[in-house]
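Peer 1: Below are the chains, spelled out letter by letter.
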Amino acid sequence: MPRQGALYAVLVVAIVVAGVVGYFLGTARVPQATTVTVPVGTTVTRVVTVATTVAAPTIAPVTPPGKIKAAWIYVGPIGDLGWSYMHDLGRRVVESLFKEWLETTYYEKVSEAELLSRIDELVRAGYTVIFTTSFEFMEKTYEAGKKYPNVMFFHCSGYMRRENVGTYFADLYQVYYLNGLMAGALTKTGKIGYVAAFTIPEVVRHINAFAIGAREVGEQLGKSIEVYVVELGSWVAPDKAVDAARYLIDVVGVDVIAFTEDTSAIVEFAQDLYRRGRQVYVFGHYGPMYEYGPDVVVSGQLVRWEVIYADILVKIRSGILNPTNLINVDYWYLLNSGAVELGAHVFENGTVMMVNPKFVPVLKNVVIVDKLTGERISVYDLVMRRYEQMKYAPLLQPLQFSALTHKLENLTYVDIGGRERRYLVSAIFEPFTGPLEGWCLYTGDKAFSGYCRKADRVTIPAGVRLGHDDLWNMDWFVSWVKYLGRR
Amino acid sequence: MSFLETLYQTLISYTGLLEPLIFLAMIGTAISIGFYGSFWNVGAEGQYVMGMVGALFLTLFSPLVPLFEGGGTVLTALLKVLVVLFGGLLGVLWSLVPGVLKAYVRVTEVPVLLLMNYVAYSISDYLTAGPWKGRYTYGYIRTDLIPEAARLTIIPGLEMLRYEVVVALVLVIAFAYVLLERTEVGLRIKFLGTNPVALRASGYDERVVTLTTAALSGFVVGVAGALRLLGYDYRLPYNIGDGKTGFYGYTAILVAWLSFRDVRYILPSALIVAVLTSFGYRMQMLLKDLLPPGISAYAISLILMGVTLVVYSIFRVLRDYSMRLVVKP
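Protein sequence lines, in the order shown, are assigned to chains A and B. Just so it is clear: in the first sequence, position 404 is 404 by the working numbering, and no numbers are missing. Just so it is clear: in the second sequence, position 246 is 246 by the working numbering, and no numbers are missing.
Since the hints were derived computationally from the structure, they do not count as laboratory data. Heads up, the beta-carbon is just placed ideally off N, CA and C, and yes, glycines get one too. A couple of the hints might just be wrong.
Quick list of simulated restraints, FRET-style, between CB atoms [said to hold, decoys possible]: (1) A:T433 / B:G130: 31 to 39 Å; (2) A:L372 / B:L115: 58 to 66 Å; (3) A:Q389 / B:R135: 57 to 65 Å; (4) A:T443 / B:I154: 36 to 44 Å; (5) B:P156 / A:P398: 38 to 46 Å.
Straight-line distance between alpha carbons at most 27 Å, and here's what the computed BS3-like set of lysine-lysine pairs gives [stated by the list, open to error]: (6) A:K315 / A:K358; (7) B:K133 / A:K240; (8) A:K315 / A:K188; (9) A:K69 / A:K188; (10) A:K454 / B:K190; (11) A:K99 / A:K315; (12) A:K364 / A:K391; (13) A:K482 / B:K190; (14) B:K190 / A:K446.
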C-alpha cells in the first residue's frame, strides 16, 4: 500500500538523518584524549654559586592521577572459564578493591584486526590504562602506544615494550611441573597426552615442565614416560580440543591429559568418559575446573592476575609508573609471587584445593626417592615439598618486575661474605635444571633460542639452571616429548 | 547511562564506525550488483578472504615489492593498484565457480557460494599454517607482516581511514552507479534479474550475462579484501573463519537488502548496519554492569541486526502486498 510504503520510507529517512546529524554533531564534540598528568621524573636542578655553596635542590612536584580509568581487552569470551575468564576475575577484584579511584571496563572476543579500533574507542572515552591480554595483540599494542603516548598500555605475554608499553606475565611452568609429578605417578601406560593451543615458547615451556615432572616420578616406577603433543592452532576451540583428546586417548593410548586451551571442554569430556567407565586423568587449566570433572581432575593450574593488576594500578596511582617509564616494566611472576597457584578448585573461603581429595590416597601410596635428598617419600609429599621449595624464594619478586633484573633470577644464592656467606635468592629447586636432552622445533635462522640456532639438538649440562631468557625463548622439546602435529 | 545515550555515543565515535561503514558499503555494493542480476551472492565472505590471500601473495611472495619499492609515489601507487586488482581477480575466480555452475549446469548458486566460503577459509588457513607461515612470529601460526611500502596511507586525525580506501569506495560506488544506470551491460544485468525471458527474446545469451554479473560482483569484493589486508590487517591470521574477517561478507548482505537494491542508498544502509555493529561494543563498554553475564558485544550486535532484518522484512511485505482481513460470515 502506498501509505505504508511512505511510512516506511519516512522511518528509514529518519534513522539515517538522525545518524548523520548525530555523527556530525558528535565529531564536533569528541573529547580530546584525556592526558594523564605525567610526573616528570625527579628533575634536580642544582645551582652552584661561586662561593661553592649548594642551593637546596628543587624537585618537580609529582602529581599522580587522582582517578584512573582502566580497560581490558580480551581475545576470548569471558565465559570461557580459562584465560579470559581469569583476566576478567582479576579486573573485578581490582575494581572492587580500588573502587574509590578506579573505574574499569572491558571488551571481550576482540580479534587482532579490530584491536586498534577498540583502542581508539577506549582512548576517546577517556581510558588511560589499557591491558591487552593476548600474544597476538603485541604488534598492534605497540603501534597504539606510538599513537597515544599519554596512555599506558600493558601487554600480557609479549616482549615488545616502549616508554608507555609495558609487559607482564604470570607463568605456570612450575605448576605444570608439579602436575607432571602427579601424572607420572598416575599413568599406567606411561603415555601422557598434551593438547596445546600453539607451540609458542610459553606453551612449549609448559609441556616441557610437565614432561620433566612426569619423568621424575615415572622413571622411578619403571614406566617409560612419553608425552604426546597435539596442536590446535587456536586458543578457544572446545570442539577441536575434544577431538584431539579423543585421538590421544583412542589412537595413541594416553591415560593422562593436560592442556592449554581456554575452555573446560576436555575436563567435561573426561568426566563423560568416566561416567561410561573409563578413567582418564586430567589437569585443569587456568580456571577452577574441578566442578566440571570431580572424578577426573587430579589438580591443575590456577592464575591470579589480580596480583599483577593490583601491583600495576597501585604503582600508577602512586606515581611510580607513568607513560614515560614503562620500557623496562616486564612482570614475570612465578609460584613465589602468588600470581600462580597449584590446584583446580577454590573453596568458598578463598583457599585452594591443591589436589583432588579423591586422588590423595593413591598419591600417598606411591613411594619414590626425592632425587635431591635421597629420602624415600610418597609422591604426594614430594609434590608438597617441591611446592614449598619453589614457593620459598625470598628475594625473587623484586627481580621479577623489571627486564633489567631478569638475568639475576636464576641465581640460587648470592655471596654476601661475612658469616652468612650464601644468601638464598631464588628457589632451591627449579624444574629446568640439567642434565636435559632436547630436540629443536625450529632450526637455523627460524629458531629463537641460542641453542637451536647452532644445532638441532639441545644438551643442558648437569647442574645448569635455565634462566629467564632461555625459558622465554624455548623452542625445543625435551627428548621424551613427541609432537604429533596439528589437528 | 541510558540506552539512547549509548546510541548517541556510538554515533559520535567515528573511529569505531567509519571502518566497518566503508567495508560494508563496498561489499554491499558488490552484493547489490549481484542481486540486480539474480546472482544471490552470499559468497562474499569467501571472495573477501581470497582478495586478502591474493594481496598477501603479491606483497610477500612475489618480486613485485622489491621491484617497485623506493621508486617514488607514482610507482608505489601503481604497486598498490596492481595488488588490489590481483585481489579483485581472485575474487572473480571465486565467484565464477558458482557462476559457471549456474549458467551452464543450472546449479543453484546459493549453496555453492556458501560452500566456497569454507573452501576459501581452508585455503587461507592451509597457507598460513604451511608454506606461508611467518618467520618472525615466535612460533605462532600466522604470516609475516607485509612490507611497509605496500601498506596503505593512514589519514592523520582519522586513524581508522586510509586515503586509498576512501578513493576506492568512491570509485566502487560510482562504478556501480554508472554500470547499472548508464551502460548496456548494466541494463542486461537488470533485465536478467527482472525478466530473463525478455533478455533471451532480444537475442542475448543469458549465460554470458550471468557470468558477467558474478564476475563483477566477485571483483569488487576481492578488491575490498585486498584493501583490507593492505590497509589494516597486514597479515593473514590462522583460523580466519573464526570471526577474524569480522564476517563483513555476511553482514554486507543486510546492507544490500536495506538499500532496496539501489546503489544510491548503499551508504545510508551501510551506516545503519555499521552503527549496529559498533553499538554492541559501545554498549559493552558503557553499560557492562547492566548486561546479563555471558552476553557479549557481538551477540548484542547480532540481536540488533536480526531485529532490523525482521522489521525490514515485515515492512517490505506490507509494501509489496496488500492485505485484507476477510471475515467470513
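Peer 1: Give a verdict on every hint.
Peer 2: Hint-by-hint comparison with the structure:
no. : hint                        : verdict
1   : A:T433 / B:G130: 31 to 39 Å : holds, 36 Å
2   : A:L372 / B:L115: 58 to 66 Å : holds, 60 Å
3   : A:Q389 / B:R135: 57 to 65 Å : violated, 39 Å
4   : A:T443 / B:I154: 36 to 44 Å : holds, 38 Å
5   : B:P156 / A:P398: 38 to 46 Å : holds, 42 Å
6   : A:K315 / A:K358             : violated, 42 Å
7   : B:K133 / A:K240             : holds, 21 Å
8   : A:K315 / A:K188             : violated, 49 Å
9   : A:K69 / A:K188              : violated, 52 Å
10  : A:K454 / B:K190             : violated, 65 Å
11  : A:K99 / A:K315              : holds, 16 Å
12  : A:K364 / A:K391             : holds, 21 Å
13  : A:K482 / B:K190             : violated, 60 Å
14  : B:K190 / A:K446             : violated, 54 Å
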